[in-house]
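Peer 1: Residue numbers (UniProt numbering), protein chains in the order written: chain A, 1 to 582; chain B, 1 to 322.
One should not assume that every hint holds.
Unchecked claim - Simulated restraints, written as ranges between beta carbons of each label pair: (1) B/27 x A/545: 31 to 41 angstroms; (2) A/508 x B/107: 52 to 62 angstroms; (3) B/60 x A/508: 20 to 30 angstroms; (4) A/163 x B/46: 51 to 61 angstroms; (5) A/498 x B/210: 41 to 51 angstroms.
Stated by the list, open to error - Short derived list, chain B residues pointing at chain A, Cβ under 8 angstroms: (6) 4; (7) 132; (8) 136; (9) 229; (10) 260.
For the record, the hints were derived by calculation from the structure and aren't laboratory data.
Yeah, the Cβ is synthetic: ideal placement off N, Cα and C, and Gly gets one too.
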Amino acid sequence: MEVLMTPAGTLHQSPSRLHFLKPCHNFVNSTFKFKPQHLYTSRNRSRTQLPPPLTLINCKLKSSGEVMKQNASKKIELWNSAPPLSEEAEKNGGSGKEEDPVKAGSGSSAVSRSVKKLSRKVLSLLSNLPLAIGEMFVIAALMALGTVIDQGETPEYYFQNYPEESPSYGFITWRWVLALGFDHMFSSPVFLATLALLGASLMACTYTTQIPLVKVARRWKFMDSPEAVRKQDFSETLPQASVQDLGVILMGSGYEVFLKGPRLYAFKGLVGRYTPIGVHLAMLLIMVGATLSATGSFRGSVTVPQGLNFVVGDVLGPSGFLSFPTEAFSTEVHVNKFSMDYYESGEVSQFHTDLSLLNLDGKEVMRKTISVNDPLRYGGFTIYQTDWSISALQVVKDGEGPFNLPMAPLKVNGDKKLYGTILPVGSIDAPNVKGISMLARDLQSIVLYDQEGKFVGVRRPNSKLPIEIDGMKIIIEDAIGSSGLELKTDPGVPVVYSGFGALMLTTCISILSHAQIWALQDGTSLVIGGKSNRAKGEFGGQINRMLDQVPELVESSSSSVTKQSKDMVAAASFTDPSARPS
Amino acid sequence: MIFSTLEHILIHISFSVVSLGITIHLITLLVDEFVELYDSSEKGMITSFFCITGLLVTRWIYSGHLPLSNFYESLIFLSWILSIIHMVPYLKKQNYLSPITAPSTFFTQGFATSGLLTNMHQSGILVPALQSQWLMMHVSMMVLGYAALLCGSLLSVALIVITFRKVIRIIDNDKRANLNSFSIGGTPYITKKRNVLRNTSFSFLYSRNYYKVQLIQQLDHWGFRIIGIGFLFLTIGILSGAVWANEAWGSYWNWDPKETWAFITWTIFAIYFHIRVNKNGEGLNSAIIASIGFFLIWICYFGVNLLGIGLHSYGSFTLTSN
Numbered sequence: 001m002e003v004l005m006t007p008a009g010t011l012h013q014s015p016s017r018l019h020f021l022k023p024c025h026n027f028v029n030s031t032f033k034f035k036p037q038h039l040y041t042s043r044n045r046s047r048t049q050l051p052p053p054l055t056l057i058n059c060k061l062k063s064s065g066e067v068m069k070q071n072a073s074k075k076i077e078l079w080n081s082a083p084p085l086s087e088e089a090e091k092n093g094g095s096g097k098e099e100d101p102v103k104a105g106s107g108s109s110a111v112s113r114s115v116k117k118l119s120r121k122v123l124s125l126l127s128n129l130p131l132a133i134g135e136m137f138v139i140a141a142l143m144a145l146g147t148v149i150d151q152g153e154t155p156e157y158y159f160q161n162y163p164e165e166s167p168s169y170g171f172i173t174w175r176w177v178l179a180l181g182f183d184h185m186f187s188s189p190v191f192l193a194t195l196a197l198l199g200a201s202l203m204a205c206t207y208t209t210q211i212p213l214v215k216v217a218r219r220w221k222f223m224d225s226p227e228a229v230r231k232q233d234f235s236e237t238l239p240q241a242s243v244q245d246l247g248v249i250l251m252g253s254g255y256e257v258f259l260k261g262p263r264l265y266a267f268k269g270l271v272g273r274y275t276p277i278g279v280h281l282a283m284l285l286i287m288v289g290a291t292l293s294a295t296g297s298f299r300g301s302v303t304v305p306q307g308l309n310f311v312v313g314d315v316l317g318p319s320g321f322l323s324f325p326t327e328a329f330s331t332e333v334h335v336n337k338f339s340m341d342y343y344e345s346g347e348v349s350q351f352h353t354d355l356s357l358l359n360l361d362g363k364e365v366m367r368k369t370i371s372v373n374d375p376l377r378y379g380g381f382t383i384y385q386t387d388w389s390i391s392a393l394q395v396v397k398d399g400e401g402p403f404n405l406p407m408a409p410l411k412v413n414g415d416k417k418l419y420g421t422i423l424p425v426g427s428i429d430a431p432n433v434k435g436i437s438m439l440a441r442d443l444q445s446i447v448l449y450d451q452e453g454k455f456v457g458v459r460r461p462n463s464k465l466p467i468e469i470d471g472m473k474i475i476i477e478d479a480i481g482s483s484g485l486e487l488k489t490d491p492g493v494p495v496v497y498s499g500f501g502a503l504m505l506t507t508c509i510s511i512l513s514h515a516q517i518w519a520l521q522d523g524t525s526l527v528i529g530g531k532s533n534r535a536k537g538e539f540g541g542q543i544n545r546m547l548d549q550v551p552e553l554v555e556s557s558s559s560s561v562t563k564q565s566k567d568m569v570a571a572a573s574f575t576d577p578s579a580r581p582s
Numbered sequence: 001m002i003f004s005t006l007e008h009i010l011i012h013i014s015f016s017v018v019s020l021g022i023t024i025h026l027i028t029l030l031v032d033e034f035v036e037l038y039d040s041s042e043k044g045m046i047t048s049f050f051c052i053t054g055l056l057v058t059r060w061i062y063s064g065h066l067p068l069s070n071f072y073e074s075l076i077f078l079s080w081i082l083s084i085i086h087m088v089p090y091l092k093k094q095n096y097l098s099p100i101t102a103p104s105t106f107f108t109q110g111f112a113t114s115g116l117l118t119n120m121h122q123s124g125i126l127v128p129a130l131q132s133q134w135l136m137m138h139v140s141m142m143v144l145g146y147a148a149l150l151c152g153s154l155l156s157v158a159l160i161v162i163t164f165r166k167v168i169r170i171i172d173n174d175k176r177a178n179l180n181s182f183s184i185g186g187t188p189y190i191t192k193k194r195n196v197l198r199n200t201s202f203s204f205l206y207s208r209n210y211y212k213v214q215l216i217q218q219l220d221h222w223g224f225r226i227i228g229i230g231f232l233f234l235t236i237g238i239l240s241g242a243v244w245a246n247e248a249w250g251s252y253w254n255w256d257p258k259e260t261w262a263f264i265t266w267t268i269f270a271i272y273f274h275i276r277v278n279k280n281g282e283g284l285n286s287a288i289i290a291s292i293g294f295f296l297i298w299i300c301y302f303g304v305n306l307l308g309i310g311l312h313s314y315g316s317f318t319l320t321s322n
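Isolated chain B (complex conformation) (with noise of 0.2 angstroms):
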């Protein structure tokens, strides 16, 4: 009982100081000098991240095993793992990926505390096929691969967005340092309007355009190495639940609908990393198949537990509206 409302009140703290931060963040890109506010968003992060480990460490002491046993324990996993990258030093630096992982956070706690999984809060018992070490291996592989392939696969959804704008405006203060490159020393950035689109091998002569040049080819540099890792986890975790199958149920690929969609995720990424080789297909093709793969990884991640089929089904779950 204690456990339970420890749980509560840890999940609501987090929620609430994650949407605090998306506010301040929000605020942050409409009026540029707040640095202070700005940082004040960064420590509800760190904030919520920490509340959420307090959430996943009383859930693991109260049940027994490790909290990956359902949807709603994945999905607090997955905000978990979003945080964790929204904190890594290395990747803050650069600044691409906290706009991408707050909101992210944001989203995917909200989801798992909404009334839909309302029935699925109570940590359940682990049925026979997933008392295994192999389970948190493959579970934390798979969601550490689906958190940093959804970021990726988001920072390909951007350069997508900002090709196809005509308007860009750049924003967030923070975000200048960070942009000016190596070659590029200290060149401020400015709110530039395009009316048309260019090529973009040919647009470094103009210089208005350059800015926007460059900052696509961050987006796509930065999404192409978090895909990677992305991939590598899922690679992992994929293979790690094959060797658990074959464990478990008797054959190590069973075609199962889970399995499968997790195969298709990993061929589409497969594919992204084949049209990048090309040197012309760098950018926008690359992207468009990423943000595919954004899809697809829902798909497998939420629609194949939705649909409750397979030999996965432990991870399934109805939406209850109550």
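So here's chain A without its partners, still in its complex pose (with noise of 0.2 angstroms):
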């Protein structure tokens, strides 16, 4: 009956078991060969094969049970995440944090013995849930307190915002932030320490508890009184039905059916159990990612104006005793263009920079423009576009030049750029130099002063559009941009990626819950019992609804005839002899 349910795989037994199996095949077939059957093709199709009659007999003289336990558990395990079936499942395993993980070699010395057994008291305290329920709070803590302390700032700093005689917070003293290293949180040891013991956590709990858990949910076993199963979370008793159907209808559901005479064993989205596992190896690949990155990543930013060239190796700086340079540091990059897009309000919408790549040939390897979340890749590091300046301007004053004039920032309040430069006028030696200011917020527009400050124009570079002040004719002939490039290669990236897509993956799946329903034939009636691990509000609804579709027998024999439809006649007329209690 189990083949009935559940036909992937049954053919594919291995060779070992095959000369035992068989025959229980051949009864189960030989059992539907007197049948009506029209409804389930997999039925038909192990049909085809008839076997000879002594081997029917042969099958039933065995305890028909015990060969579909054993078909049962053999073809689990070729399925590749069902359960399979053993009856002691809950004499070794039931409580998984008992189980001993570091198991003790009979001959080996006290000495390694002693060392287990430390191993062993040191895997269980890590595994306390209670203890990494502390390390996630001291962690939330740690960053909260992080952002509220300015981080990174000279200790001078703290002594003056920090004063100990009137703690801020109550609490925060220069001493304890200097101390403790939180004016650099995130890589004070103490929090680096704290995210460490959480990875060993995370490992101890996953080794100790989590697999446990999962050999628990994996190992199930029919139900054999109607009071146990009562006992489940959800129990319901259907008068008149037939556990077949129920089979038939839970199949219909997306069960995996499991049948033996009057028991039946249910099973749905068992997936649901390995994701906690999954989550915590995706935090353990993310915690090693993050590592990697920290200790073997290089890092730099170089502002390069316009047509200049620098070499990739002179910018980057290592993080780490990992941090190895390669070969392609020796590219040199040339900067060809820096450009900028603007919106029609005049305000700065994109930046953008051409880059060529050469070799130590002088040879172009590759050539892009990158912009603001468009980066440059090659080689294994990263050229990003962050920011920008003001370099320099060219100026042709009076047919004369055209002068580089170089722009300097001016610190003005607000986080709107300015530069500034000036075009002195006169002796450059006289002790008070006098010139014309020229200011830019960007590359569009420069606005002119005169010597005394007074407004005098503004001028777009390119235009070509002469300028008169204090009697010179000015031209500004280009405004040179300057781009801001970081630049980094990060070995921690792939990881950190994985274990991204690993969580993510396996945060979904973790909707999902396990549900199992078992059910016993009680003479007429039907008793059924279910529980699921998180959809529990739902899966009550969900049960009933299946149960609805169950049909009530009205005459309990072999031959029963059911109200709902043809089709469910057959269904409910071929049950297992020993299904039905007479």
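Join these two chains into a complex; the hints should help.
Peer 2: This is the structure we're talking about:
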């Protein structure tokens, strides 16, 4: 009957069991032979090889239940994640926590035994749930503290802002901040140690608790007494119903169904049991990747005026002891062009840098225009567009020049950039140099002021439109921007990304809940019990809906007639004789 | 100009409809038997949903980018999501959420339209770092996560309130039908008074307390499910944000205040799930954690923006009182 319910895989038995299982197949098939069956293709398929009658008898001599059980367990092993049937499951694996992860060898010395004892103690300490929760609380609190305390300032700043006489928030003083390294919270030993401890707890918990829990979930058994079935979170008794009908309906709703005589077991969403392990492993993967990033990466930033070059290796600085330069560091980068896009309102919308990568021979190996959100990747390093500034103005004065006037950033309150330069007028050696001031917010327009600081006019670069200031004719030829680039190599990114992927996937799957249903034919009535590990509220409703479909048997006999449909007649009729104690 | 007028009209219609709906809700709370009124408040929520949808679409067309670029827009989006949650038939059937989602929609909209944020009503330009496909993914997932987590943690807050209140009055005729779960069929709710707080696990013996325990269990269960979904969205939101940051800022994690607070929120809800693993911890303990989470979400969503620090500063604003 089990073969009926789970058609997949029965034909691929392992050779060692084949001779034993075959008669039992045949037995199942042969019983079908006498029954009307137009319902299930799977049954028809299995009927193709009809057995000699002798084997039938053979099989019947064996306790049919035992054969079924073997068959079921065999089938399940083929099924990747289905639970193996083992009746002694409860005995040795009932409580995952007690299970000894480190098995002491029989002939090991006292020293190694005590080491193992110690490691077991450490393991059980680490996998303690309250400890893990405490660690998470501490990490959350430290992170919150890290956003409250200003990070990365000089010691003087902390002396001033966190004086001992009046601790801010009641407890933060500079002595604390500096002693514990909270001025750089996210790399402070305290924070990293807590993270490491959490990582250790994650590993210990996965090893000692979660894997055994899954093992327990994978084990299952039929329930033999109606009381046991009724003890489940959800239970129901159908007065006139057959367990086979229920099996068929459960299968239709995506359950894996196992049937042995009057007993039924069905489950769905076992994968939901694996997700805690998956989530933990993904977290560990992210931690490993982050460690790799912290110890093995190079970073650097550079502001390059348009038209100049730099070598990648000169900019990048190592971040940890695992940072090893690669060949690609000798690549030279040439900034071909820096340009900016503007909105109609004049605000900067995007900035681009046209970069060429040159190898040692000076040959161009790559060329790309990068912008914010569109970095360049080559040979393990990445070049990001992060910033911009104005490096110089090209000015023609009275037909002379052009002169390159370097621009300097001017600090004005607010986040808008402002650059300025001055074109000296008269003798440069004079003690009080005066000149024409030129200010620019971006590459679009330059504002000019005369020697007295009075506004004269606005000119666009490239417009070639001269402006007269104090008798001088000035043409602004061009404004040369410089591109703010950030470079990095990060060997941790692939690891972290795979961790991200795994975390997203497992969190999605964890919505699924593992539902288990037991049923027992008790005379003409059917006792059903079930439980679910997550969707407890919906689970009852779902089962109720399925139970509504179970046809009611008008007359309980081997040729019962159902009210519902002719099809159900077929389903109900080929019942195992043992299923119906008359 | 037409667009902004249209926006104005839509937001005002939506806001007034929601406030009407809330009033009707309150009336139905006090007077049991007004089914028509209850229906009309439901219709009000649907109207309001369409108004906000219209508003968002108008803003999208008008500004040419997804209307998620500043705090005002994200608040409107939040109230839109809340009204969607309100209307999801699957959740509506349970009917625990509608008393939470409707006022939440009201408050977020009220806050968004209040004078405090007037200088943000203009849809601004998109700074270079925001010009990415990731904007839609990251922000929508985060706001979706916030909305679901807010609802879930409010259910937990309700659980705490009910557990610690001596007098409970369960009102709302409609809830009756939904609250009797599969195991007890059709038993009507009664107004009941409890003078003694009893240990919930033993109180099954007391029939008067039975409904209270039922309600607490249901709140606990639904809070858990909704927080589970919110946690999923929060995870996706944070991770997509990290991937985006690796494209735009040069590192997948910068310990920016907003990031850090999102991570703190994530950690707190992770703690919530771990406390639930422990069978004894179901219910009250986890509900307390979830209510802490409720405040953390607001710090993360609102507080960090108020300070306007860090890389996420485009979401920042200053409160103007005019």
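Peer 1: Each of the hints needs a verdict: does it hold here or not?
Peer 2: Hints, verified against the model:
1. Range check, residue 27 of chain B to residue 545 of chain A: Cβ separation about 35 angstroms, and the 31 to 41 angstroms hint holds.
2. For the pair residue 508 of chain A and residue 107 of chain B, the beta carbons lie near 30 angstroms from each other, so the given range of 52 to 62 angstroms is not met.
3. At roughly 28 angstroms, the beta carbons of residue 60 of chain B and residue 508 of chain A sit within the given window of 20 to 30 angstroms.
4. Distance hint check for residue 163 of chain A and residue 46 of chain B: the Cβ-Cβ separation is about 58 angstroms, which falls inside the suggested range of 51 to 61 angstroms.
5. At roughly 50 angstroms, the beta-carbon separation of residue 498 of chain A and residue 210 of chain B lies within the given 41 to 51 angstroms, and the hint holds.
6. Hint on residue 4 of chain B is violated. Least Cβ distance to chain A is approximately 16 angstroms, over the 8 angstroms limit.
7. A distance limit of 8 angstroms between C-beta atoms decides the matter here; for residue 132 of chain B the minimum to chain A is near 4 angstroms, and the interface restraint holds.
8. Taken as an interface hint, residue 136 of chain B does not check out: its beta carbon lies about 13 angstroms from the nearest beta carbon of chain A, beyond 8 angstroms.
9. Interface restraint check: residue 229 of chain B against chain A, minimum CB-CB distance 7 angstroms, threshold 8 angstroms, status holds.
10. Given hint, residue 260 of chain B at the interface with chain A, holds; its Cβ is 5 angstroms from that chain's nearest Cβ, closer than 8 angstroms.
In this structure, the hints that do not hold are numbers 2, 6, 8, in rising order.
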